[in-house]
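Just so you know, the protein sequences line up as chains A and B, in that order.
One gets my numbering by counting positions in the first sequence from 1 and adding 1334 to each.
One gets my numbering by counting positions in the second sequence from 1 and adding 1334 to each.
Hints in this document: simulated from the structure, not taken from any laboratory.
Hints may contain errors.
What the hints assert, rightly or not - In the DSS-like style, the derived pairs of lysine-lysine whose C-alpha atoms are separated by at most 30 Å in a straight line are:
hint, chain 1, residue 1, chain 2, residue 2
1, A, LYS1537, A, LYS1517
2, B, LYS1537, A, LYS1517
3, B, LYS1414, A, LYS1537
Said to hold, decoys possible - Label-pair ranges, simulated between beta-carbon atoms:
hint, chain 1, residue 1, chain 2, residue 2, range
4, B, ARG1556, A, GLY1394, 22 to 32 Å
5, B, GLY1642, A, GLY1394, 35 to 45 Å
6, B, ASN1601, A, ARG1542, 38 to 48 Å
7, B, GLU1595, A, ARG1382, 51 to 61 Å
8, B, ARG1655, A, ASP1590, 48 to 58 Å
9, A, LEU1553, B, ASN1601, 37 to 47 Å
10, B, ALA1548, A, ALA1603, 47 to 57 Å
11, B, ALA1548, A, LEU1619, 47 to 57 Å
12, B, GLY1642, A, GLN1559, 12 to 22 Å
13, A, ARG1382, B, ALA1353, 30 to 40 Å
14, B, ALA1548, A, ASP1348, 43 to 53 Å
15, B, GLY1626, A, GLY1626, 20 to 30 Å
Positions of the beta carbon are idealized from the N, C-alpha and C atoms, including for glycine.
There are 2 protein chains.
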Amino acid sequence: MEIEDIAQRVLAGDRRALARAITLVESARADHRAQATALIDRLARDGREALRIGLSGTPGVGKSTFIEAFGLMLTGLGLKVAVLAVDPSSARSGGSILGDKTRMERLSREARAFIRPSPSQAQMGGVARRSREAILLCEAAGYDVILIETVGVGQSETMVAGMSDLFVLLLAPAGGDELQGVKRGIMEMADLILVNKADGDLKAVAARTQADYAGALRLLRRRPQDPEGYTRAMPVSAIEETGLAAAWAAMTELADWRRAEGHFAANRAEQARAWFEEEVRAGLLADLRRPGPAQEAMARLGAGVQAGEMTAVAAADEMLRLLGRG
Amino acid sequence: MEIEDIAQRVLAGDRRALARAITLVESARADHRAQATALIDRLARDGREALRIGLSGTPGVGKSTFIEAFGLMLTGLGLKVAVLAVDPSSARSGGSILGDKTRMERLSREARAFIRPSPSQAQMGGVARRSREAILLCEAAGYDVILIETVGVGQSETMVAGMSDLFVLLLAPAGGDELQGVKRGIMEMADLILVNKADGDLKAVAARTQADYAGALRLLRRRPQDPEGYTRAMPVSAIEETGLAAAWAAMTELADWRRAEGHFAANRAEQARAWFEEEVRAGLLADLRRPGPAQEAMARLGAGVQAGEMTAVAAADEMLRLLGRG
């Protein structure tokens, strides 16, 4: 059977098979979807577990450079590293702003690295499911660390944090005023804040920025999933490759502590539940787009609203009645 | 009847009645919801039309100062101005970052102005519906201009643009590098870019920033809803109150052109249709949270997923079967 063949090759760590499997879970075709579900189901039984690290940063912060330097350090330690991009904006702009492998040329040439750009035609709900499935595939393929990168827009950060074991925020050195630009909610979500570009002319500013964030973080309530006295802001330089080992040490230490305390497994269980709820919501909504009476009623009532014949709310009530609800 | 009484007072321009009506549409209670729907339905028949201006800007850009100065200029022209805040992050952070009326003390004392901060406990879907209904209420109350402000996070900007006739992006003077921080999708969405703080030391930087954006905009394809040769970036100073009249002239000119060309009505019709589709989606999802067999099955299957007894996807399939779909 073809699915079993792909599964075997993914489990053996074959990167081409992994890429093909991810293409399968990214497909919107119904037959592909069924195959993808079967494949995920087959591979989930394997039980391999990577450290899933969500990584967010606004454009210009040097995220690609950081991922390349950090990834190379990890592969240098003998670890297998997968990089997945989650970019919900690619649907709107018609192309991924996270770009392609050429951003991380050195890392992409590493045998122990796997880089997957975000698909260019996806919707918000679809992005989450596909990303979660791609993570499972990378885990099955034996990757030790999965970096799930996203851009700093509120919604996508929440999404990526919801599928990661650790959530890392990469920030640029900045003046005191700009600290306000990072919202409290995002700061509270972050397990580790890295201030990049701690090099050259910006070294002093980066140190100050790091201290500012560390100070701001101390004012926040300690979260149950953090050990007492845990420091959550550190300076790094992706270009000079400094601070990377310290950042990795902080991440593994935190992950180990959470494993020992039960937070790690509890977080994954909670994430699985949230995924289930999302799948149900997505499934309900998918009905409206599938050819059939529901889609036809949506089109007819939508045209009526557009023509000004009825209000949006009245038409929605009518539609929900037709669906046997509301 | 009480609803008719509120409706009459809103139509008469009574600000206390308007505030009360908005509180009603913001309520999650089922009986309030029914009253709100009746009220909206009653008032929608009136057919008053304001200019709905969506306004987005990141924290620190001087949005409150701009709205106050711009609003006071408009009330000075004899226009009635309503300010509504749309802040989806307030649900997560537990409080609105857009603050309250004290931000705009002078404007809030104006008889021709109405300022409504965003509700503090709302969900993304809920925010959109309540904001749309609040807009309709302000229109019915005879406001000429409705400023719908939001913070610069991708999702909320799309939402606000989807309920506005014009979408204005307020930006701060910045170096060339930071231009990249504004995503192409957001730039394409903007009908007008205003570079604030074109005053004092920042005047020259603001002029350069404005020229940079104007240049970037010229590279974008002309949109059908814009007149030939339309310039979309201008400098303003909220503090020195300069450029405000020019900005208002650009907005009214654009709105008039769109009215004449049919784009204005077509946009509103399209927005009404999108609203209908959102309402249907929200109604379908509301079932899952309502006490009853669906909610119980969600809880039971969710617990099974959390306990690791079944995968998220398998549990979702089961749930959709129970709902008679999937």
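For this session: Determine which of the earlier numbered hints do not hold for this structure and return their numbers in increasing order.
Result: Hints 3, 8, 11, 13 not satisfied by this model.
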